[in-house]
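Chemist: As given, the protein sequences belong to chains A and B, one line each in that order.
Taking the working numbering, the leading residue of the first sequence gets 1, the next gets one more, and so forth.
Taking the working numbering, the leading residue of the second sequence gets 1001, the next gets one more, and so forth.
Since the hints were derived computationally from the structure, they do not count as laboratory data.
Since this is a predicted model, take the numbers as computed values, not measurements.
All C-beta atoms, glycine included, are put in the ideal place defined by N, C-alpha and C.
Worth double-checking, as some hints may not be accurate.
Unchecked claim - Just the calculated beta-carbon pair ranges, DEER-fashion:
#, chain 1, residue 1, chain 2, residue 2, range
1, A, Phe52, B, Gly1199, 53 to 59 Å
2, A, Phe22, B, Asn1191, 31 to 37 Å
3, A, Val100, B, Phe1032, 34 to 40 Å
What the hints assert, rightly or not - Lysine-lysine pairs mimicking DSS-like chemistry, simulated, CA-CA at most 30 Å apart:
#, chain 1, residue 1, chain 2, residue 2
4, A, Lys202, B, Lys1304
5, A, Lys325, B, Lys1304
6, B, Lys1196, B, Lys1111
7, B, Lys1304, A, Lys328
8, B, Lys1111, A, Lys328
9, B, Lys1196, A, Lys325
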Amino acid sequence: MKALLDSFKPGLKDKEISPLQFFGKHGISVALVLCVVIFSLATENFLSADNFLTVVMQASIIGTIAIGVTFVVIGGNLDLSVGSLLSFATVLVVDLHDKVGPGMAIPLMFVFTLLIGSINGFLIGYLRLNSLIVTLGMLSAIQGITLVYTGGKNVDISDQENTWFAFFGREEIFGIPVPALIFIVLGIILQIVLLKTGFGRKIFAVGGNETAALFSGLRRKRLVFSTYLLSAFTTACAALILGSRVMGSQNNVGEGYELLVLAGVILGGTSLLGGSGSIVRTVIGVLILAMIQNGLLLLGYPYYTQWLVTWVVIIVAVWLDIAAKRGKLLSSY
Amino acid sequence: MKSIFDIITKQPIWIFVLICIIFFSFSSPFFFDLSNFTNILIQASTIGVIAIGMTFVMINGNIDLSVGATVALAASLAVGLQPQLGITGAVFVGLLSGVLIGGLNGIIAWKTGVDAFIVTLGAMIGVRGLVFIYTGEQSFYAHDLAYSDFGASSLFSVPVLALIFIFLIILSHLVLKYTIHGRNVFAVGGNRIAAKEAGIRVGPHMLVNFILIGFLAALSGVLLSTQMGASTPNLGRNYELWTITAVVLGGTRLTGGYGSIIGTFGGVLAIAILRNGMNLLQVPSFFVLIILGSILIIVLFIDKRFSEQQGHGVRA
């Protein structure tokens, strides 16, 4: 009977989308709303402007890096070296702070971090080596360079009270913590770059179909190179936040960040195959992970419970995403 | 002449191992020594046992990032449950946990079709959470000394840990080379769709390999805890990266379809010899990180140039 009725409404079927497709398209927003609703109902303190700022602040370091890495992933590559690079940049800026002053330390840190990023970009963009292995090698090499630089010792800033370096990690503008501000502003700017400029569209093209992009005259080498410069740049920004907040650094402070960053990017629905993704969704992905962390802590669970929840959330999110594209829930192997 | 060229291009890592052995033998009086060699084998066995499983998974065209966390889980269970279950029972539960984690990864990858990289990335984070929940952030110590005695014991004056490692290398080499399962590993990795059309049950096949690597990671964790007589919740951090490094050094391709256990063995030895030799020369261990990272990229570069010459880059 229903089939009969449906047959009188031509065109309707095309517009209807199945629940699966709906989740595939809007899953990340649904998840964000779900997160907020559940934690707001379960705890008293979750739903407040203050706590929201705390969440953004906690997400700011991983989020800032994730924004740059999103460009790399959309371009069809991976960057596993950002964790080591974060350690390197943080150690460098903190160590140079006392030696040459913050005014010189910050530009120097950016120069050296971008230099390492350009090595990644050269090896992967120009020599066309596999990005996973190159950045894996760089992960260990950069860690080594950091340790050689410090001789294995931790570094810290001696006069922590009277330096304007504290601005990036500890101060507020109009009640908004600067780390959160850096994170959000970078996110907005780079989202515009990604969507509204030729550069952004070319990166989608290179990640989506390299051969087609090549034949349409895109300079693949240069584009891939620039995505790695971008991820090094956002990593340097994150190092600024981290160094300023802690006013010191261990040699392995960024260890494991590369995978947490990737978790945020993947949760945001950016395909590891390249060619699709968005900064806004990456930011939401990172925020969801931070909310899970924050909410579970408010509920009184130990911090490591979040890892278990993260596991489930990542797999379910990517599963729904893939299932929506495939049109059915299970694979056909 | 051609065969030498073949070896250099196909197994460049063994050349590197040879150079390392010669170099360290001349520069350190303590290096070329049987007891030092067995030392190297023991040091290599931790990563090596996992690398065997990783070779299967990577030739399959998959990857497993959760091995480091599995090492910690198995070690914590095998040491922590000893008061309740005794050594045998605790070790059994530890190994079982690896099988279960591997099985879970495999079933998720099979049924959902989510890429193994993402499945195991999730598991890597989640299993570490399980370890912390179980241990409550505590380290465990084996009170029964028989446990740590096993880690230090020898058979025919060869340490048991080294024997287990060598035995597993030989066994897995034979399995990969001479069994149906072994041939399927290459077939599935080379072309998944063609393998499916040819009647290989791709999903269950990959599941078996994930169970294998889960078991081997757990075994590595148990063996490591017998060496220390203890377990810590942070055990095995970064092991996934070291293992992948070793396997890639050994010439296995990330894209799947190509690789060998012998190559992996070379990769594992290269890392262990480099660490051991640099240690004997009293070079700070950080330089090892830089050298290993560079070698990884150089091996990749050689491999890429060679495959482009030979097959115009068809093998990716």
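Chemist: May I ask which of the numbered hints given earlier this structure violates, with the numbers listed in increasing order?
Modeler: 3, 5 and 7
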